[in-house]
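Protein chains: 2
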Amino acid sequence: MKIEKLILASGSPRRREILTQIGVNFEVVVSNEEEKPTSTNPQDFPIENASIKALAVSKKLPAEIVLGFDTLVFLDGRPLGKPHSEAEALDMLKSLNGRAHKVITGVAIAHGGQIISAENEETEVVFRNCSLQELENYVNSKDPMDKAGAYGIQTAGARLIKEIRGCYYNVVGLPVARMLQMLGELKVEV
Amino acid sequence: MKIEKLILASGSPRRREILTQIGVNFEVVVSNEEEKPTSTNPQDFPIENASIKALAVSKKLPAEIVLGFDTLVFLDGRPLGKPHSEAEALDMLKSLNGRAHKVITGVAIAHGGQIISAENEETEVVFRNCSLQELENYVNSKDPMDKAGAYGIQTAGARLIKEIRGCYYNVVGLPVARMLQMLGELKVEV
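Chains as they are written, first to last, in our numbering: chain G, 85 to 274; chain X, 85 to 274.
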């Protein structure tokens with residue numbers, strides 16, 4: 085069935101931009117639910133956080149199709165959050181420099197106050213061998229400060245990235261192909 | 085050396101957007117040189133076309149660092165250009181559907197009326213298994229009509245693409261990491 089609009093349970097402007105770019109009708113409804121993942125494996129955090137967000141909104145709007153997302157950057161299995169200072173941003177970028185890491189986004193679809201589909205999408209990202217000066221210039225631009233892993237592939241952070249293996253939009257925060265595949269299996273057209 | 089500005093020998097708005105995104109100072113100067121590649125191997129066309137564009141501009145502005153680019157989509161070694169009709173766009177998309185193809189961008193740097201560096205960057209792009217309806221919807225949006233291979237990864241064409249292996253910006257038309265590496269080897273900072 086073709087639905088009129090999705091509910092995006094995320095305040096991220098980047099996710100809004102992606103849904104707009106691919107022509108999906110949607111409305112943003114954000115819950116104030118605190119995300120407290122209980123998994124012992126950090127790689128389960130994205131799918132768990134995405135489910136918490138989608139579920140909280142679905143309980144208020146049970147008739148709607150609600151989508152939750154959560155994106156984390158992993159280096160050697162350890163999650164990297166947003167940097168708290170420019171020094172921490174530089175440390176994160178140095179640890180990512182010249183090598184590969186993983187970005188995982190959890191996608192959760194809720195309806196009727198229940199999760200009806202939830203999956204992770206994983207992309208490998210490879211940094212160039214950047215000079216310290218390049219990393220410092222990027223930190224000085226302040227761009228890293230609101231971003232998990234201290235970089236944005238869709239901003240000036242593009243300078244740092246040599247290649248990816250997987251879905252590009254997953255790295256930005258909303259894995260388009262995975263979302264469409266999950267909706268397709270539920271017979272939802274957007 | 086840090087240079088004040090690059091010369092972009094390309095009229096493509098997408099290439100301008102990428103250079104702006106990564107904070108490079110540049111000016112657009114487009115030659116009216118007709119591209120007539122002489123290679124017998126189509127995979128050499130991008131580097132040859134990029135060189136023709138950069139060289140024509142460098143001869144007029146020998147003091148500047150001039151960059152030329154050319155992007156082609158290859159399916160089983162055969163180059164796909166821009167579609168001439170909606171029917172041709174749909175045929176191209178059907179041939180790309182559910183499988184992998186290659187995008188090659190040639191990057192040429194000219195200075196003093198000569199090419200001083202020229203390389204190809206190659207990215208593999210994998211289409212989802214899209215329904216005919218999805219492909220038709222995309223063709224009806226007219227988005228494919230000005231794009232080699234009849235899709236844009238940076239537009240609603242994002243719906244069609246499952247994953248890539250290589251540089252994302254190469255698929256858009258300007259391989260950022262490759263360009264920075266080539267400029268770095270020439271000791272040019274941008």
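Where hints are given, some of them may not hold.
In this list, chains with the same sequence are indistinguishable; a pair is considered to hold if it fits within one copy or across any two.
To be verified - List of simulated lysine-lysine pairs, DSS-like, C-alpha gap at most 25 Å:
1. K89 / K178
2. K271 / K178
3. K86 / K271
4. K86 / K178
5. K186 / K246
6. K144 / K178
7. K89 / K186
8. K166 / K144
9. K120 / K246
10. K143 / K186
11. K186 / K86
12. K86 / K226
13. K246 / K144
14. K271 / K246
15. K226 / K144
Source of the hints: derived by calculation from the structure; they are not laboratory data.
To see whether the hints hold, each was checked on the structure:
no., hint, in the structure
1, K89 / K178, "neither (42 Å within a copy, 28 Å between copies)"
2, K271 / K178, "between (44 Å within a copy, 22 Å between copies)"
3, K86 / K271, "within (8 Å within a copy, 55 Å between copies)"
4, K86 / K178, "between (46 Å within a copy, 23 Å between copies)"
5, K186 / K246, "both (14 Å within a copy, 17 Å between copies)"
6, K144 / K178, "neither (43 Å within a copy, 42 Å between copies)"
7, K89 / K186, "neither (31 Å within a copy, 35 Å between copies)"
8, K166 / K144, "neither (29 Å within a copy, 47 Å between copies)"
9, K120 / K246, "neither (34 Å within a copy, 30 Å between copies)"
10, K143 / K186, "neither (32 Å within a copy, 45 Å between copies)"
11, K186 / K86, "neither (34 Å within a copy, 33 Å between copies)"
12, K86 / K226, "between (41 Å within a copy, 21 Å between copies)"
13, K246 / K144, "neither (43 Å within a copy, 32 Å between copies)"
14, K271 / K246, "between (37 Å within a copy, 19 Å between copies)"
15, K226 / K144, "neither (37 Å within a copy, 38 Å between copies)"
Hint violations for this structure: numbers 1, 6, 7, 8, 9, 10, 11, 13, 15, all remaining hints satisfied.
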